[in-house]
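Peer 1: Line by line, the protein sequences give chains A and B.
Quick note: my numbering has the first sequence finishing at residue 137, numbered continuously throughout.
Quick note: my numbering has the second sequence finishing at residue 137, numbered continuously throughout.
Keep in mind that the hints were calculated from the coordinates and are not lab data.
Computed from a predicted model, the values in this text were never measured in an experiment.
Take the hints with a grain of salt, since some may be wrong.
Heads up, incomplete: computed chain B residues facing chain A, CB under 7 Å, no partners named [as the list claims (entries may be wrong)]:
{"hint": "1", "residue": "M1"}
{"hint": "2", "residue": "S76"}
{"hint": "3", "residue": "K80"}
{"hint": "4", "residue": "K93"}
Derived lysine to aspartate or glutamate pairs resembling DMTMM-like cross-links, with alpha carbons at most 25 Å apart [to be verified]:
{"hint": "5", "chain 1": "A", "residue 1": "K101", "chain 2": "B", "residue 2": "E89"}
{"hint": "6", "chain 1": "B", "residue 1": "K93", "chain 2": "A", "residue 2": "E89"}
{"hint": "7", "chain 1": "A", "residue 1": "K93", "chain 2": "B", "residue 2": "D60"}
{"hint": "8", "chain 1": "A", "residue 1": "K101", "chain 2": "A", "residue 2": "D91"}
{"hint": "9", "chain 1": "A", "residue 1": "K93", "chain 2": "B", "residue 2": "D118"}
{"hint": "10", "chain 1": "B", "residue 1": "K93", "chain 2": "A", "residue 2": "E61"}
{"hint": "11", "chain 1": "A", "residue 1": "K101", "chain 2": "B", "residue 2": "D78"}
{"hint": "12", "chain 1": "B", "residue 1": "K101", "chain 2": "B", "residue 2": "D118"}
{"hint": "13", "chain 1": "B", "residue 1": "K93", "chain 2": "A", "residue 2": "D91"}
{"hint": "14", "chain 1": "A", "residue 1": "K93", "chain 2": "A", "residue 2": "D71"}
{"hint": "15", "chain 1": "A", "residue 1": "K15", "chain 2": "A", "residue 2": "D37"}
{"hint": "16", "chain 1": "A", "residue 1": "K93", "chain 2": "B", "residue 2": "D91"}
Quick reminder that beta carbons are idealized off the backbone N, C-alpha and C, glycines included.
This is what each chain is made of:
Protein chains: 2
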Amino acid sequence: MNIGEASERSGLPAKTIRYYEDISLVAPDRADNGYRDYSASDVHRLRFLHRARNLGFSIDECRLLLSLYSDRNRASSDVKAMAEQKLSEIDAKIAELQSLKSALQPLVDCCHGDDRPDCPILDDLAGHGGRRAQVLA
Amino acid sequence: MNIGEASERSGLPAKTIRYYEDISLVAPDRADNGYRDYSASDVHRLRFLHRARNLGFSIDECRLLLSLYSDRNRASSDVKAMAEQKLSEIDAKIAELQSLKSALQPLVDCCHGDDRPDCPILDDLAGHGGRRAQVLA
DNA sequence: TCTTGACCTTCCAGTGACTGGAAGGATTAG
DNA sequence: CTAATCCTTCCAGTCACTGGAAGGTCAAGA
Numbered sequence: 001m002n003i004g005e006a007s008e009r010s011g012l013p014a015k016t017i018r019y020y021e022d023i024s025l026v027a028p029d030r031a032d033n034g035y036r037d038y039s040a041s042d043v044h045r046l047r048f049l050h051r052a053r054n055l056g057f058s059i060d061e062c063r064l065l066l067s068l069y070s071d072r073n074r075a076s077s078d079v080k081a082m083a084e085q086k087l088s089e090i091d092a093k094i095a096e097l098q099s100l101k102s103a104l105q106p107l108v109d110c111c112h113g114d115d116r117p118d119c120p121i122l123d124d125l126a127g128h129g130g131r132r133a134q135v136l137a
Numbered sequence: 001m002n003i004g005e006a007s008e009r010s011g012l013p014a015k016t017i018r019y020y021e022d023i024s025l026v027a028p029d030r031a032d033n034g035y036r037d038y039s040a041s042d043v044h045r046l047r048f049l050h051r052a053r054n055l056g057f058s059i060d061e062c063r064l065l066l067s068l069y070s071d072r073n074r075a076s077s078d079v080k081a082m083a084e085q086k087l088s089e090i091d092a093k094i095a096e097l098q099s100l101k102s103a104l105q106p107l108v109d110c111c112h113g114d115d116r117p118d119c120p121i122l123d124d125l126a127g128h129g130g131r132r133a134q135v136l137a
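Work out the full structure: start from the sequences and follow the hints.
Peer 2: Take a look at the structure:
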């Protein structure tokens, strides 16, 4: 099948699929007219990539996952370790965003948000927030 | 002061400070020997940038914040609107990460993680997870 | 047969926000 | 005088695409 159909079936944009070929994640056949020709297993691979990317795995991690997937002898513990690491990265990002939020929220809350030029948010960014506690060191 | 001291005082790496000059966020003087010469207000500006970047504002948003900061006539509502938008972006990112987590966690939980090749995580990625619900559509 | 439009190809460049490194000049301490 | 440290510029790489230009191919309709 052509790239358009492979795109539809995998959920990935055609541009992305070509890019994945550039970086050797898929290797479709070529038809006589030069068009890429995707097999069902190519599409399978693309769907795998789509899912794994959606789960937050990097391209290199996807590459590893694909090789583990096709390795009859791999242990599930290898994959589990990667997934667990991903989970802890996700937790760390959530924590970071929440601390960002708790730094920004009080500034928004105490900004009157009217036409006057006085603005606690800018004051804090400037590093002289007056009586208010500094948000960042 | 030289870039090294400006770096220490602002908390930004020298490389980053030079980059900020490239993109016209700061414009230090030059000494006779060609070295950059940072004033106290340059450092002030760099600290402002450092704080704003840490709060999740993009470079372009920082540029805008800086211009609002030096605009005697700006209304605090302008800044508040930006900060509120930032907050909702942060909330959206947190929600996304949490849904990522709730997709990945059950896979990790049900993977036995031993030497056997059977692995629910890869099965799910491959799109044929058996009796388990598919994590992704 | 011709034409239109959809689809495909390659290649180049840009994104955001830096970061690393090479090659070389300036300054400072001993 | 020398060695170490600091500074300079410039180029290239990161990550994972994405946009666009220029042009080839194909299927359907007049």
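Peer 1: If a hint holds in the structure, say so; if it does not, say that too.
Peer 2: Comparing the hints with the structure gives:
1. About 17 Å separates the beta-carbon of M1 (chain B) from the nearest beta-carbon of chain A, more than 7 Å, and the hint is not met.
2. With a cut of 7 Å, the hint placing S76 (chain B) at the interface with chain A holds, because the nearest CB-to-CB distance is about 4 Å.
3. Interface restraint check for K80 (chain B): the shortest CB-CB distance to chain A comes to about 4 Å, inside 7 Å, so the restraint holds.
4. Restraint check, K93 (chain B) versus chain A: the minimum CB separation of about 6 Å is within 7 Å; hint holds.
5. For the hint pairing K101 (chain A) with E89 (chain B), the CA-to-CA distance comes to about 10 Å; that is within 25 Å, so the pair holds.
6. Between K93 (chain B) and E89 (chain A) the CA atoms are separated by roughly 14 Å; this keeps the pair inside 25 Å, and the hint holds.
7. For a cut-off of 25 Å, the pair hint linking K93 (chain A) to D60 (chain B) stands: about 23 Å separates their Cα positions.
8. Proposed proximity of K101 (chain A) and D91 (chain A) is supported: the alpha carbons are some 15 Å apart, at most 25 Å.
9. Between the alpha carbons of K93 (chain A) and D118 (chain B) the distance comes to roughly 30 Å, so the proposed pair goes past 25 Å and is violated.
10. Between K93 (chain B) and E61 (chain A) the alpha-carbon distance is near 22 Å, which keeps this suggested pair within the 25 Å criterion.
11. Note on K101 (chain A) and D78 (chain B): the hinted pairing holds, with a Cα-Cα distance of about 19 Å set against a maximum of 25 Å.
12. Of the supplied pair hints, the one linking K101 (chain B) and D118 (chain B) holds, its CA atoms being roughly 22 Å apart against a limit of 25 Å.
13. Of the supplied pair hints, the one linking K93 (chain B) and D91 (chain A) holds, its CA atoms being roughly 12 Å apart against a limit of 25 Å.
14. Proposed proximity of K93 (chain A) and D71 (chain A) is contradicted: the alpha carbons are some 31 Å apart, above 25 Å.
15. Simply put, K15 (chain A) and D37 (chain A) have alpha-carbon atoms about 15 Å apart, close enough for the 25 Å limit, and the pair holds.
16. Distance restraint check for K93 (chain A) and D91 (chain B): the Cα-Cα separation of roughly 12 Å lies within the 25 Å cut-off, and the hinted pair is therefore satisfied.
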